[in-house]
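Asks: The primary structure of each chain is shown beneath.
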Amino acid sequence: MTLAAVLIVSAALIGIGIYGALSQQSFVMLMMGLELMLNGVLLAVIGFWSFGLGGAPEGQLLAIVVMAVMAVEMAIGFALVVAVYRKRQADMTESLTTLRR
Amino acid sequence: MEVKDLAFFVLAASAVWTGWRVFRVDSMVRASFSLMLSFIAVGLIMLLLAAPYIGIATVFMMAVEMMVMALFMVMFMMNPAGLNPMWMVHQHRLAAATGFITFAALTIAVLLSDLPGNPVDPAKPVIHDLGVELLGNSMLIFETAGITLLATMVGTVILSSRSGRYGPADEGSLPPPLTPGGRPAGRVPEDEE
Chain A
1 MTLAAVLIVS AALIGIGIYG ALSQQSFVML MMGLELMLNG VLLAVIGFWS
51 FGLGGAPEGQ LLAIVVMAVM AVEMAIGFAL VVAVYRKRQA DMTESLTTLR
101 R
Chain B
1 MEVKDLAFFV LAASAVWTGW RVFRVDSMVR ASFSLMLSFI AVGLIMLLLA
51 APYIGIATVF MMAVEMMVMA LFMVMFMMNP AGLNPMWMVH QHRLAAATGF
101 ITFAALTIAV LLSDLPGNPV DPAKPVIHDL GVELLGNSML IFETAGITLL
151 ATMVGTVILS SRSGRYGPAD EGSLPPPLTP GGRPAGRVPE DEE
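In the order they appear, the protein sequences are chains A and B.
The numbering of the first sequence is our numbering, which starts it at 1 and goes up by one.
The numbering of the second sequence is our numbering, which starts it at 1 and goes up by one.
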């Protein structure tokens, strides 16, 4: 197990996440893509901490900040999905085209 | 090959495979459970990387978060119980190419970089050090995360609540008309189209 192997796994997770965030039509599935990207970021942060910092605790703090970002993204994301559904009865990205006109 | 390496490869393969399955299963609830499995695999990899606190916290947090997500999936599910094939994608080729190019570029960058290779000493008390750091020098950062989460709670309630007694939230904030006295610019309500 080397840092390169850990980072390649996190790159794969980020790549799949980008694919999901760009390709999915449903808002909730799109958010799964964002979560998967953050999953890869979290793994990369811990990988760098584990192999690069020799156990300095500040690196793990960054991972805790990433986890807080995950929680914020999910909570505000679902709140936005609910708000958009209340206003426009929309749950697909194609339903929101106001800015295209 | 050591047991640790073998465990890493099994967990890495399952993290990527279940991550890929998120966008390939027919039910959105199954997709959220697949994402949970991916997160759990990553959390267990963190245990191997000598970060037990973050690893276990990831497993617990994601187990709960994906349960909540599964509830939302049921609310917004278009394909009840995954009985029919689900394929709700747009710009599929562009998305697949972008994802693959990102993966390839990051992998090339990783392989070309001179990466450090000094693992954490197994005897080092990492959880104790993290606790001292969180409640010591970095307490302000830690507290900032707490305040951010509080602001998130307030924002979530405001965004997802029904409109109050003064009517819809966007009333009075309609865009100005393009011609004097005309109708508001922008979106035309569907029932008037």
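Calculated directly from the structure, the hints in this document are not laboratory data.
In this text, a Cβ means the ideal position worked out from N, Cα and C, and glycines have one as well.
Check the hints yourself; a few may be wrong.
[To be verified] Some, not all, of what chain A presents toward chain B, calculated at C-beta under 8 Å:
no., residue
1, 7
2, 20
3, 65
4, 80
Asks: State for each hint whether it applies.
Replies: Hints versus structure:
The restraint placing residue 7 of chain A at the interface with chain B holds, with a minimum CB-CB distance near 4 Å, inside the 8 Å limit. Proximity of residue 20 of chain A to chain B holds as hinted, the smallest CB-CB distance being about 5 Å (cut-off 8 Å). The interface hint given for residue 65 of chain A holds, since its Cβ lies 6 Å from the closest Cβ of chain B, which is under the 8 Å cut-off. With its C-beta approaching chain B no nearer than about 6 Å, residue 80 of chain A sits inside the 8 Å limit, and its interface hint holds.
Every hint, counting from the list given before, is met by this structure.
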